[in-house]
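Colleague: Given next are the chains, with one letter for each unit.
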Amino acid sequence: MPLLKDGKTVDDVWAFVEDGHELSPGGCIIVSLGRFLSEHDQLLARNRSIGVRLAVSDDPALLARFLDQLHLIELQFPKYTDGRAFSQAQLLRRRYGYKGEIRATGQVLRDQLRLMIRSGFDAMIIDEANAEGVYDYSAHEFSEFYQAASDTTDTIFIKRQKKREEKAAE
Amino acid sequence: MYRYDEFDETLVRERAKQFRGQVERRLKGELKEENFKPLRLQNGVYLQLHAYMLRVAIPYGQLSAKKLRQLAMIADKYDKGYGHFTTRQNIQFNWIKLAEIPDALEALADVEMHAIQTSGNCIRNVTSDHLAGAAFDELEDPRPWCEIIRQWSTFHPEFSALPRKFKIAVTAATPDRAAVKVHDIGLVMKRNTQGKTGFEVMVGGGLGRTPYIGPTVREWVSKQDLLSYLEAIMRVYNRYGRRDNKYKARVKILVHELGVPEFARQVEEEFANQNAREKVLLPQEEVDRITAYFAPPKFETLSTKSATLDAAIAAEHHFARWCRNNLRAHKIPGYTCVHIALKPQGVAPGDASSAQMRAAADIAEKYAFDDIRVAHEQDLVLPHVKLDDVPAVYAALKANDMHASNAGLGSDIIACPGLDYCNLSNARSISVANEIQALFADPEFEDEVGALHINVSGCINACGHHHVGHIGILGVDKKGEEFYQILFGGRADEKAAIGEIQGPGLRHEEVAPALKRVISKYLELRTSKTEKLADAMTRLGQAPFKEALYAAA
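Taken in order, these protein sequences are the chains called A and B.
Counting along the first sequence from 1, when you hit position 157 you're at 156 in numbering that gives the first Met the number 0, and nothing is skipped either side.
Counting along the second sequence from 1, when you hit position 498 you're at 497 in numbering that gives the first Met the number 0, and nothing is skipped either side.
Only chain A is shown next, with the shape it has when bound in the complex (with noise of 0.2 Å):
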């Protein structure tokens, strides 16, 4: 399946390690959170690239002072009617200020990818043959959002705001 960055399909460099399974000895590699909280001291300690799988039931905050030296978080869509990620998303970027990926993986609709976006997902494995066409056209339905998220804190509240101090100054 296809996988989007920023809107185009790259390829997948990250594999995901089982938990008991041993790392390969290079590239770039996800664990479980529980791995991950057990044995960040030697993941950490090598010069390689870590990545972190959430479960919907997980707390981002677990990692929230591992994040500076993580590249990617992969959260978990298992129906696309469940939401959770959507929450673990925003805490990620809004409130721990995550800067690196966050991954969308298991039931990834199309009709979910502007919430995803604007969550603060930059990638998702994605069903669709036309994944970059797909993802332009929902990445842009809608052009004005009440919600500040991760994407942007300029709202219709906000841009009211500003439209009457530009005419105040006027």
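Bear in mind the hints are in silico, worked out from the structure with no lab data behind them.
Treat the hints with care, since some could be wrong.
[Said to hold, decoys possible] Computed cross-link-like contacts, DSS-like style, restricted to lysine-lysine with a CA-CA straight-line distance of at most 27 Å:
1) A/78 / B/31
2) A/98 / B/278
3) B/65 / B/365
4) B/297 / A/78
5) A/161 / B/222
6) A/7 / B/31
7) B/36 / B/245
8) B/247 / A/78
9) B/297 / B/247
10) B/278 / A/162
11) B/76 / B/16
12) B/528 / B/545
13) B/16 / A/158
14) B/166 / B/222
15) B/477 / B/528
16) B/79 / B/247
17) B/222 / B/245
18) A/78 / B/79
19) B/195 / B/304
20) B/245 / B/31
21) A/7 / B/16
22) A/78 / B/245
23) B/365 / B/304
24) A/78 / A/98
25) B/195 / A/78
26) B/278 / A/158
27) B/222 / A/162
28) A/161 / B/278
29) A/78 / B/166
30) A/158 / B/222
[What the hints assert, rightly or not] Just the calculated beta-carbon pair ranges, DEER-fashion:
31) B/258 / A/36: 26 to 32 Å
32) A/10 / B/99: 42 to 48 Å
33) B/499 / A/56: 33 to 39 Å
34) A/164 / B/272: 29 to 35 Å
[Unchecked claim] Sample of chain B residues lacking proximity to chain A, with all beta carbon distances greater than 10 Å (derived):
35) 271
36) 434
37) 484
38) 525
Using N, Cα and C, we set each Cβ at its ideal position, and we do this for glycine too.
Fit chain B to the supplied structure of chain A, relying on the hints for placement.
Modeller: Just chain B now, kept in the frame of chain A:
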């Protein structure tokens, strides 16, 4: 009334276009029904027994003549010439074709309306007191805050795939006419000890399979903090609400399983942890801008009495009865609030034809400052009518068969569409409601019984609010046959209470006669006419009424 600016307009247009694309993909087979379902639901489109149903939002129940006429147009063009007003101040069209829904959404956008988030597991249409801005007993007009909540909750990126649906109601009056205690969040505007107006916050009320009265999780939150506080509640719910069982997924279950103090602690912790970036910024000038749309209409200075009205009351006893039952006190002398009870004998409660909608629109334009409300009792309300104009309003209503004189009485029944329309339903609701209405066919008898709320649901999902009727009726299916359980003691007002099931279910034809016995027992036992049936049940307990219920001849 709030008017869209270019931002609000852009969003509803883009939504209509988005849904048109989704419907096209569905009709071409590119989108499976399974994946289409959550999308159509967030646009208020249900697949019912016979057809698709479109539920249109009427935010906090407010309509103008222009909007109501457009609903009438939609009823004629895309449906069978009528619509059904619901207990959440929405309107439903029951016979609409999927391929035509995008056109209907465009037509709604033309009059600043939409069907956004009228169903699905998201924040639903925000509801309020139908007398907001007119009631003499309110602290201030709650509608600006309803509109602010509407905007904040529209397409919320974090809260669009919640464990379950989420309903918010707001009131600012002491008597609760918006049933806020049976909503996921109920907000009651009130002053704190320093005299500042804010909101008491209740979370976890609701009906359905597991009814609860919403407990207060915070005594007072300021206006400035309201949206940030709501975000804290929503995040706790989105993260920790149950998703393993749809019948245990409402926030009421989370509140109940954690306990109110622990739920409140988690919300407070989340609220306290919000950093400056996470707080919802709502400039005061923006609050002022929205509030200005709800400025009172230009009331005249009038006497508290109207000679015209008094003369008409003296002249005609049907009119006198209608005035006695369907008018409510207004905060301005010389004005009144008019209930248009959509409950004539033998009609589905809450239904209105397109002709009736147009008539109500004309009346509102001519006599009521172009303001029409939908009440959660499935009635329409004209909140601002001059006493002098009441006879003319009555005449116009009567010409369109909208002059039922039963507002708040026994035949003003709340009922869901039931098995006649709904594929969730186990039993018919409308026909039971109609048979009960017939008990009150004699106006003198109905007036004698006085205030009485009878609510009918066709299944356990409780769309007919059976738990909070003074008498509630719940349709159940027993081996393919319809039975009806009877509940006593429910209330939806500020003394909200959940009714108790009395015993074995009754057959369809047994319900109305059984209720007649209960009402006769009440008339026999009450201390005086001022003791209403609900009060008599409180004083005497339910036992004598239960005995009457099952005392079949």
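Colleague: Does each hint hold? Answer for all of them.
Modeller: Hint-by-hint comparison with the structure:
1. A/78 / B/31: holds, 15 Å
2. A/98 / B/278: At roughly 20 Å apart (the allowed maximum being 27 Å), residue 278 of chain B and residue 98 of chain A satisfy the hint.
3. B/65 / B/365: Holds, because 13 Å separates the two Cα atoms, which is no more than 27 Å.
4. B/297 / A/78: violated, 53 Å
5. A/161 / B/222: holds, 21 Å
6. A/7 / B/31: holds, 26 Å
7. B/36 / B/245: With Cα atoms ~16 Å apart, residue 36 of chain B and residue 245 of chain B stay inside 27 Å; holds.
8. B/247 / A/78: Within the cut-off at roughly 18 Å; holds.
9. B/297 / B/247: Violated, because 49 Å separates the two Cα atoms, which is more than 27 Å.
10. B/278 / A/162: Roughly 21 Å separates the two Cα atoms, so the pair holds.
11. B/76 / B/16: At roughly 20 Å apart (the allowed maximum being 27 Å), residue 16 of chain B and residue 76 of chain B satisfy the hint.
12. B/528 / B/545: Holds. Residue 528 of chain B to residue 545 of chain B sits at ~21 Å (cutoff 27 Å).
13. B/16 / A/158: holds, 23 Å
14. B/166 / B/222: holds, 19 Å
15. B/477 / B/528: Not satisfied, since the Cα-Cα distance of roughly 39 Å exceeds 27 Å.
16. B/79 / B/247: violated, 37 Å
17. B/222 / B/245: violated, 33 Å
18. A/78 / B/79: violated, 37 Å
19. B/195 / B/304: violated, 35 Å
20. B/245 / B/31: The given pair, whose Cα atoms are some 22 Å apart, holds under the 27 Å limit.
21. A/7 / B/16: holds, 25 Å
22. A/78 / B/245: Holds, because 14 Å separates the two Cα atoms, which is no more than 27 Å.
23. B/365 / B/304: Given pair residue 365 of chain B, residue 304 of chain B holds - Cα atoms ~21 Å apart, limit 27 Å.
24. A/78 / A/98: holds, 26 Å
25. B/195 / A/78: violated, 44 Å
26. B/278 / A/158: holds, 17 Å
27. B/222 / A/162: holds, 23 Å
28. A/161 / B/278: Roughly 18 Å separates the two Cα atoms, so the pair holds.
29. A/78 / B/166: holds, 23 Å
30. A/158 / B/222: Distance of about 21 Å is within 27 Å: holds.
31. B/258 / A/36: 26 to 32 Å: For residue 36 of chain A against residue 258 of chain B, whose Cβ atoms are near 29 Å apart, the range 26 to 32 Å holds.
32. A/10 / B/99: 42 to 48 Å: holds, 45 Å
33. B/499 / A/56: 33 to 39 Å: holds, 37 Å
34. A/164 / B/272: 29 to 35 Å: holds, 31 Å
35. 271: holds, 12 Å
36. 434: holds, 40 Å
37. 484: At roughly 32 Å from the nearest Cβ of chain A, residue 484 of chain B sits farther out than 10 Å, so the non-interface label holds.
38. 525: holds, 51 Å
Hints 4, 9, 15, 16, 17, 18, 19, 25 from the earlier list are contradicted by this structure; the remaining hints agree with it.
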